[in-house]
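Whenever a hint applies, use it, and build me the whole structure from the sequences.
Line by line, the protein sequences are chains E, R, L and G. In case it helps, this note's numbering puts the first sequence at residues 1 to 226. In case it helps, this note's numbering puts the second sequence at residues 1 to 58. In case it helps, this note's numbering puts the third sequence at residues 1 to 204. In case it helps, this note's numbering puts the fourth sequence at residues 1 to 245.
What the hints contain is simulated information worked out from the structure, not anything from laboratory work. For clarity, every value in this text was computed on a predicted model and none was experimentally measured. Every residue gets a Cβ at the ideal spot worked out from N, C-alpha and C, and that includes glycine. One or more of the hints may lead you astray.
Stated by the list, open to error - A short, non-exhaustive set of chain R residues, derived as facing chain G with CB atoms under 7 Å:
(1) Pro3
(2) Met14
(3) Ser15
(4) Tyr20
(5) Ala31
(6) Asn35
(7) Trp37
(8) Ala39
(9) Ser40
(10) Ala42
(11) Arg47
(12) Ala50
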Amino acid sequence: MRTSAINAARLVALRDLRLAFRKPSQLVQPLMFFIIVATLFPLTLTPEMSRLRDAAPGVLWIGALLSSLLALEFLFREDAVDGTLEQFALSGQSLTWMLFAKTCTHWLLTGAPLALAAPVAAAALGVPADAMWGVVASLALGSFAMSLVGAIGAGLTLGARRGGVLLSLLTLPLTVPILIFGADATELAISGADFSAPMYLLGAIAVLGVTLAPLAAAAAVRIGLE
Amino acid sequence: MTPWFSTLSEFFAMSGYGKYVWPSFVLGFGAVLLNAWLASRALAEARAQARRRLEMNP
Amino acid sequence: MLRVAGLHLWRGDRHVLRGVSFEGTAGQCVLLTGRNGAGKTSLIRVIAGLLDAEEGEVSWRGAPVRRRVHDFHAELAYLGHEPPLKGDLTSRENLRFSVGIRRQVSGEEIDAALSRTGAHGFADRPVRTLSAGQRRRVALAGVLLANAVLWLLDEPTTNLDSDGQQLVAELIGEQLARQGLVVAAVHHALEVAGPVLKLELGTA
Amino acid sequence: MATWTWFHRLASPPHVYAFAQRWTRWFGGFAAVAMIVALVGGLVLAPPDYQQKDAFRMVYVHAPTAWLSLMIYTTMAVAAAVALIWRMKVAHAAAAACAPVGAWFTVVALGTGMLWGKPMWGAYWVWDPRLTSELILLFLYLGYMGLRAGIEDPSKADRASAVLAVVGVVNVPIIKYSVEWWNSLHQTPTVMQLGKPKMDFDMLWPLLLMFLAFALYFIAVLLTRLRAELLRRERNASWVREVVT
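If you want it as structure tokens, here you go:
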């Protein structure tokens, strides 16, 4: 019996999870990168907590963006090299669904841990404990949206030489809205204000990303496979 | 349809903003000319290349 | 069943496929031959739909493939140069996932297929510890498990010993006996039991 | 069907080449005349703004270039979408021809914006929403051209960059909105105003004519670049022999 689209997507996600736990270093490295970047900022800025707190949203979001770009490079590359993506494309299933499953898994393995680890970096930047929920929530939603946008870039750069730098060049301008709304939500959370308005906008971007990004990523991957 | 400026030096001064107005027009219309030139050069090069190819293997 | 009509493919300035046409029927094996760079791999990838030809058409069961590409792929098993296996998973895990995304497959079926291709002895070792020939045998088990009507095999005997080459010929023979259709690119002669159509590329 | 013949002609490189060859000089000629008339109208005939004095005249170069930079991106994305949907080679060539011109005019819009900003805001760079969006538009162009340059196979490069152009154009309004939102949170309202709410007719007609001139100019440049692209892409086709000898 032919596997349903949902089950195929589930299997893709399970395989990626299993592979990730067999090789945990790839998971930990972007996370380490994020923590190190965030904790290096006080050395270049000031040790003064009140000024660090003002810079905290920017530091956290730039750190999250760079570390997610670092991780995105591996989203499709290995699968393209070892023929797994070809197998997906010829499986008689919707490539869009399978890539969506891959992207969600990727976020679960990189973006979600990053959001959970953010309070450590945030505390080092003088963010008060009450604001941590807002920091985690905004980074979780924002990194999900970034993964979706990044999946398009990762697909497009499959056929390119030196794809890593190119991936950043393509993806960074597209992430501007996520960065703006996300950093704003974090800032409002730190100042103790209601941060729901930018979160709604971030959510709207994520919804748009869910509907459109996997389609674009599938088109991009098909081109890259040729 | 009368010119706004009565003297040429007034025109160049642009009520004191000349050092911003003139560079921006030079930049803008310089780019207009440059892009026209770049496009026609690209065409000329493509034509020359096509001609060379045809001469090599007629 | 499979009709390839007037395929033209350029790669940059190279005219790789120059009007390739053939027709494959059920129970037939189409062997593609030709020197390196004659377009064997390209032709297989065009048939699979991984590559777009500038001109020409591939039809399956009388309808252009492009129109119902998912249904075509459901009946297709493709084996390229590299066996599509994950080094960090065992052979068994690899097959469970890669066949699983196509159809529901039981552990017994996977065991049977691995035994048939002589890969049972190393079914639970991570693929990265296997030799190239052993990987090829695991990948062949994957082709068997796909339950596909059409097999597209690109140099299926690469890295295989003489036993392995014999195995590929047998597997193809069995597929033909099941009224399947096999299109294979080959370097060396392959003795297949059944009707064979030889197509030499790069001569036209 | 007769109604579709124009569409098929659009897909045929020799037809498009011949069309471009015939019409480029007309578009270019009208663009040059319109540009000169608008320049005279804007620089000499129009009265100065009551607030900005003669500095306002920079609108005649800044506004058309800024508008053009966005219009070229849209044109590129539409060409890319057409190329992807109907597998039309000519449309890929057109999209490729758009990018460098668009990037140039984005740079010019930024440059003239900065020159205008200095007397108005007292600094060359202010994080004004329009300038910021323009800067991000430049990054989008750079990404597009980077992707095109990064992929060796020309047909792959065409299609990959086409997907990027379409994704980018979906993003442009979101970027624009987000930058405005961000600006309204962080910035005191800008002091730059474009004259009185209602522009004088003497000021307006040179501006409108300049927009028209830039549009015609862009068409002329695009057609020229398109011809170059077509010659390069179709170098093995027989029609090339006829047009270059």
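Okay, the hints, checked on the actual structure:
1. Hint on proline 3 of chain R holds. Least Cβ distance to chain G is approximately 5 Å, under the 7 Å limit.
2. Because the beta carbon of methionine 14 of chain R sits about 4 Å from the nearest beta carbon in chain G, less than 7 Å, this interface hint is met.
3. The closest approach between the C-beta of serine 15 of chain R and any C-beta of chain G is roughly 4 Å, which is under the 7 Å cut-off, so the hint is satisfied.
4. Evaluation of the tyrosine 20 of chain R hint against chain G yields a held restraint, the C-beta minimum of about 5 Å falling below 7 Å.
5. Taking 7 Å as the C-beta cut-off, the interface hint given for alanine 31 of chain R holds, the closest approach to chain G being about 4 Å.
6. Look at asparagine 35 of chain R: its Cβ gets to within about 6 Å of chain G, closer than 7 Å, so that hint holds up.
7. About 10 Å separates the beta-carbon of tryptophan 37 of chain R from the nearest beta-carbon of chain G, more than 7 Å, and the hint is not met.
8. Given the 7 Å rule on beta carbons, the hint for alanine 39 of chain R holds: about 4 Å separates it from the nearest Cβ of chain G.
9. Residue-level restraint check for serine 40 of chain R holds (minimum Cβ-Cβ distance to chain G is 6 Å; threshold 7 Å).
10. Taking 7 Å as the C-beta contact cut-off toward chain G, the hint placing alanine 42 of chain R at the interface holds, the least distance being around 4 Å.
11. Below 7 Å, beta-carbon pairs count as interface contacts, and arginine 47 of chain R has one with chain G at about 5 Å; its hint therefore holds.
12. The beta carbon of alanine 50 of chain R comes within 5 Å of a beta carbon in chain G, closer than 7 Å, and the hint placing it at the interface holds.
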